[in-house]
Amino acid sequence: MTVSALLRRAFGFAFVLLGLSVVIFVVARIVPGDPARIALGPLATREQVAQLRQEMGFDRPAIVQYVDYIGGVLRGSFGKSLLTNRPVSSDIAQALPATLELVLFTLVLIGVLAVPLGVLAARWHNSWIDNSSRLVSLLGVVTPGFVVAILLQLFASHFHFFPLTGRLSPDLGFVPDITGLALVDSLLKGRLDAFGDALRHIFLPGLALSAAGIGQIMRITRSSMLDIARRDHVETLRSFGVPGRVITLKYMLRLASIAPLTILGLEFASLIGNAFIVEMVFAWPGIASYGLRAILSKDFNAVMAVVLVSGLFFVVANLLVDLAVALIDPRLRVGAGAGR
Amino acid sequence: MSAANDALVPAAADELSNFARARRRFLGNPAAVIGVLIVISIIAAAVLAPHIAPYPNHAGSFVDFRSRHQAPTLLHLLGTDNVGRDILSRVLFGYRVSLLLVIGVLGIAVPLGVVLGLLAGYFGGRVDTAIMWLTNVMLAVPPLVMALAIAAVLTPNLVNSMIAVTAVWWTWHCRLVYRVVKSVVAEDFVEAARVAGASHLHILFREILPNCTAAISVKTTLDAGFVILFGASLSFLGLGVQPPTPDLGTMVSAGAQFLPEKWWEAVMPGLAVLYAILGFNLLGDGLRDMLDVEI
Amino acid sequence: MTAAPILEIKGLNVGFTGYGRTSQVLHDIDLTVETGQRAAIIGESGSGKTVTMKTVIGTLPHPAGRVMGGSVRFAGQELLTLGRREREKLKGTDISIVHQDPLASFNPVFTIGEHLDDVLRFADRRLGTASSAGDRRQRIEATLRQVQLKEPERVLRSYPFQLSGGMRQRVLIAMALMHRPKLLIADEPGTALDVTTQDEILRLLNQLVAEERLTLIMVTHNLAVVRQTADYVYVMQAGRIVEHGAVRDIFSAPRMPYTQRLLEAIPPLYGPRVERRQARGSEAVVRASEVVKRFVAPKRWLELAPPAVTAVQNANLTICRGDIFGIAGESGSGKTTVARMVMGLASPTSGRIEIDGKSVEAWRKDPAFRRRIQIVYQNPASSLNPKRTVAETLSVPLAFSGAIEKSRRPQRIRELLERVELPASFAERYPHQLSGGQKQRVAIARALAVEPEIIVLDEPTSALDVSVQKTVIDLLLRLREELGLTYIFISHDLSLMRNFCTRIAVMFRGEICEQGTTEEVFDSPRHPYTCALIASVPVLTDAEERAKPSVTLEERRAVLASTTQ
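Residue numbers (the numbering used here), protein chains in the order written: chain H, 1 to 340; chain A, 1 to 295; chain B, 1 to 565.
Since the hints were derived computationally from the structure, they do not count as laboratory data. The model shown is predicted, which means the values in this text are computed figures rather than measured ones. Among the hints, a few may not be true.
[To be verified] As a list, the in silico BS3-like pairs of lysine-lysine whose alpha-carbon atoms are at most 25 Å apart:
1. B:Lys387 x A:Lys182
2. B:Lys182 x B:Lys10
3. B:Lys387 x B:Lys365
4. B:Lys89 x B:Lys10
5. B:Lys548 x B:Lys470
6. B:Lys89 x H:Lys250
Using the sequences provided together with the hints, build the complete structure.
Right under this line is the structure:
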């Protein structure tokens with residue numbers, strides 16, 4: 001993928017985000033009829049509703065509202081939250097690092113657990129290791145996120161090693177204020193106690209969030225490795241006596257990593273969706289928790305912001321996936337005749 | 001697969017018809033057979049719930065405070081909830097709601113996605129750009145978040161859950177069919193039909209669609225499980241089917257308040273959801289191997 | 001000679017296990033190759049020739065492939081009971097293989113250099129002679145020069161997809177030669193490439209075998225290749241060796257009907273034509289004048305406009321009623337594009353194509369046009385819808401031409417099947433229940449359904465096994481007689497064209513470089529490319545070899561290097 005192709009892809013994603021803003025605007029502002037009435041509930045007086053309508057600009061034409069809204073978003077303003085009575089952007093800024101940390105931790109777990117297991121399963125195809133990792137991956141895929149979360153909570157309440165909720169123990173007095181990521185900041189500040197505490201806090205939510213991904217990525221890695229094992233070029237190397245471990249770990253794995261990367265990009269949306277459940281169960285102070293409260297209290301500015309930020313997460317993740325795939329596959333990167 | 005590998009495939013088994021071979025492959029796969037049995041048991045449970053549930057009246061807003069929070073016993077195999085209702089009975093009725101959701105969602109989302117995917121893949125050009133752009137927009141939002149946003153706007157109930165889930169679900173089928181169509185269109189028989197004078201309608205629905213049905217049916221089977229999960233997740237978060245209708249997700253979230261002591265109140269309905277997803281998943285995987293399609 | 005033969009296979013039986021049962025694919029194979037011999041194994045796909053070679057090399061798929069008995073001795077040493085480590089030592093050093101598919105044989109995400117270095121490095125390590133990277137690099141570059149690859153540095157830096165098929169095939173040869181093997185197995189080298197490239201590859205192999213005095217086993221499906229590269233031949237059919245002997249003896253007096261069929265599959269390039277047919281008239285049906293077709297990839301945002309690719313350049317041709325008009329050329333020469341334009345499936349960028357004096361553009365709006373000109377595709381596996389029965393496929397043209405009412409369609413389908421010599425019971429079959437030749441017959445029946453005048457035959461036999469090709473050609477010739485059809489026959493198989501076509505146009509890089517009656521083109525070719533092309537065709541007899549136009553390697557290179565655009 002050349003630089004221009006990457007730029008083109010980024011531009012395409014920007015269009016996707018724009019489309020998303022229209023869709024969510026339609027859903028949040030136009031479908032319900034009177035957002036102000038919904039926000040205030042049936043007990044509010046007509047005057048209160050009218051005042052809110054005017055305050056929020058709901059009385060103006062939809063197009064004008066939309067243009068205003070997008071203008072605000074581009075300047076970094078998502079409006080005011082009815083829930084917290086603060087600008088939505090500062091709410092988001094406050095909640096974002098927690099979610100980011102959780103998601104990154106999840107991705108690391110997926111990478112560290114799923115890919116090696118998938119490779120092992122393919123290498124010893126139909127052995128006990130293959131069968132057990134397939135079982136694990138099946139369970140990962142079919143177990144609902146909330147069931148994983150609840151089972152992990154039961155587990156934690158039994159052993160008392162992992163905290164049930166939250167992100168950091170308040171009595172440590174540690175504030176992640178460098179990158180916002182507690183795991184990173186604690187190391188930067190040399191606070192090993194805080195690092196251990198953060199790790200204990202994030203471990204169970206991370207595991208809950210990664211369960212589905214681990215199952216899926218393990219499955220894809222395995223089938224991709226098996227598929228590649230049948231290709232002629234593997235046979236070529238085998239017929240020249242190149243050792244099996246070199247063929248597997250060097251030649252096959254690099255080619256086989258393309259499929260799980262692509263799937264990871266596509267499944268990123270459902271990972272964010274699952275974060276809503278995990279953050280709720282573990283009281284993780286991220287944007288999913290915030291978004292859920294916003295949805296339940298019909299705080300449309302906050303809802304729209306959360307949806308747009310989730311979309312942004314997805315888009316950035318997929319750009320990174322595209323970049324990684326292009327780095328792996330020279331056909332997307334160099335020379336003539338390259339195309340997708 | 002290359003010619004070299006083709007030569008390695010034993011020439012036997014030619015005398016078997018494709019169907020017989022596929023059936024043997026399916027029945028030779030214990031996981032797939034278990035999947036079928038699970039799915040049949042769930043459908044039976046949903047259909048026969050009023051007749052087989054030990055306490056059919058517990059499905060509604062029944063209250064019996066004397067027998068609340070009872071751990072699983074022979075009398076209540078899965079225990080009772082915080083108002084003394086039998087969890088097994090409510091799970092059986094819960095499957096009714098789940099299957100209704102599946103039928104409602106897939107009944108609309110699959111045909112919609114399939115037709116849009118067919119049109120985009122076959123006609124290409126602007127039709128392609130427009131449909132696939134919309135698909136990509138919808139795919140960029142976490143489906144659960146989109147459904148939550150929609151569910152938040154509408155009053156939470158079964159029909160609105162269906163609408164919310166359907167609104168995001170068609171995209172998956174659209175993209176799947178689009179991909180299959182793109183590869184089918186490159187085959188010579190599509191042009192051959194055109195040369196023979198066939199209409200677009202004929203080519204789309206008689207030549208191309210039959211080549212997509214295997215993929216669609218596998219995907220739909222797998223989806224049935226995930227729609228159940230999705231509906232349960234929505235109601236777990238409080239935006240799905242509302243009490244007292246017995247819904248698996250609602251039961252889990254209600255039971256979760258009594259963790260860890262009264263674990264069965266959350267875990268049992270949760271496992272019921274798992275059971276359903278497992279069944280449809282095994283069945284779908286078995287179909288995939290049998291029909292030899294990639295999803 | 002008293003030394004043990006380099007390869008001695010005795011009573012080899014191999015089976016494959018799948019779905020819980022084992023089916024035997026090799027039956028009692030006996031095969032002996034002496035040092036310095038050039039042997040060949042010939043057979044069609046599925047005959048077991050590749051499995052035999054995989055057993056020798058030791059790459060039978062594990063655990064599906066299973067040796068059920070027999071012995072394989074390499075220089076007196078039994079391979080089947082040899083320890084793993086000892087067995088690995090032979091791979092790529094004493095026994096080497098030149099693989100068939102030059103693109104699929106390389107991992108697409110690694111450079112050529114990486115492949116070669118690893119092959120050499122681990123072979124050295126197995127032999128206990130550790131080597132430095134610089135030393136290996138030198139040996140690799142030397143071997144690349146040996147296979148006549150210029151600029152070895154650039155080749156090593158390249159990814160597989162950046163090289164041409166011919167270059168990749170040369171790299172595969174180099175890979176096999178790096179340790180100067182005692183036994184070199186060549187698995188259909190060049191088969192996937194154009195004739196001229198294939199010819200160069202075979203010449204190179206011959207030269208290397210002679211220079212290095214290598215022992216060669218050539219695995220192929222083409223008897224002409226056998227004549228060119230081997231002295232002794234084993235004929236395989238359905239997992240057995242049905243005949244073997246010196247090439248000269250087998251060619252002059254084949255004992256088995258199967259070998260006879262393989263010989264017949266390659267029609268003579270010189271001498272009497274198998275089918276002598278003349279054009280019946282001189283009334284022009286199709287006329288193309290100054291036709292140009294340029295393909296422009298859509299310009300993409302943020303990129304320079306891509307250059308237009310000229311697929312067809314100033315093509316002029318006249319096809320007369322009753323002609324079998326051959327368009328010869330290698331892949332990418334533009335021959336299919338010309339035919340598609342004649343069919344109205346693509347429109348020329350400039351120039352004019354007429355059918356019966358009326359331009360195709362004008363014809364296109366007329367549904368009757370579609371009925372006049374039909375097509376038979378190369379690959380019947382792709383041109384028949386796998387989900388539709390033969391009857392359903394055949395009823396499409398009948399239904400949409402509206403010529404035949406619904407009640408009479410079954411009758412018409414039976415007639416069509418009869419025309420292509422298929423039993424009426426085939427109407428209810430699905431494509432996967434038919435053999436390749438039968439599928440192609442159905443495709444021909446579909447083209448006939450609307451009673452066309454012209455049929456475009458786009459390499460109609462090249463996807464079929466050699467022994468089936470002839471029967472399909474015979475059918476096409478008979479249909480032409482019976483129905484008075486005109487054929488436009490696209491092919492790269494010159495010996496087939498010589499015996500089938502009445503007139504021929506030769507295309508080279510988008511231009512028609514030569515056009516005339518078959519005799520004119522073959523007996524006195526004028527354009528150097530035509531000469532090079534004819535000279536590349538593998539033939540069965542030495543007499544034909546001598547009759548070919550004499551083209552030196554340099555002349556041929558000069559032609560192929562010249563660009564006409």
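Query - Holds or violated: Lys387 of chain B to Lys182 of chain A, with C-alpha atoms at most 25 Å apart - result: holds, 17 Å
Query raised in the report: Does Lys89 of chain B pair with Lys10 of chain B here, judged by a C-alpha cut-off of 25 Å?
Result: OK: Lys89 of chain B and Lys10 of chain B at ~23 Å, within 25 Å.
Requested in this report: Assess, step by step, whether the Cα of Lys548 of chain B is no farther than 25 Å from the Cα of Lys470 of chain B, and give holds or violated.
Outcome: Holds. Lys548 of chain B to Lys470 of chain B sits at ~24 Å (cutoff 25 Å).
Requested in this report: Decide if the proposed pair is consistent with the structure: Lys182 of chain B and Lys10 of chain B, CA atoms, cutoff 25 Å inclusive.
Outcome: holds, 20 Å
**Report entry** Distance restraint between Lys387 of chain B and Lys365 of chain B, which requires alpha-carbon spacing of 25 Å or less
**Finding:** Status violated; Cα separation ~30 Å.
Report task. Take a quick look at whether Lys89 of chain B and Lys250 of chain H sit within 25 Å of each other, Cα to Cα. Result -> holds, 21 Å
Checked against the numbered hints given earlier, the structure breaks only hint 3 and satisfies all the rest.
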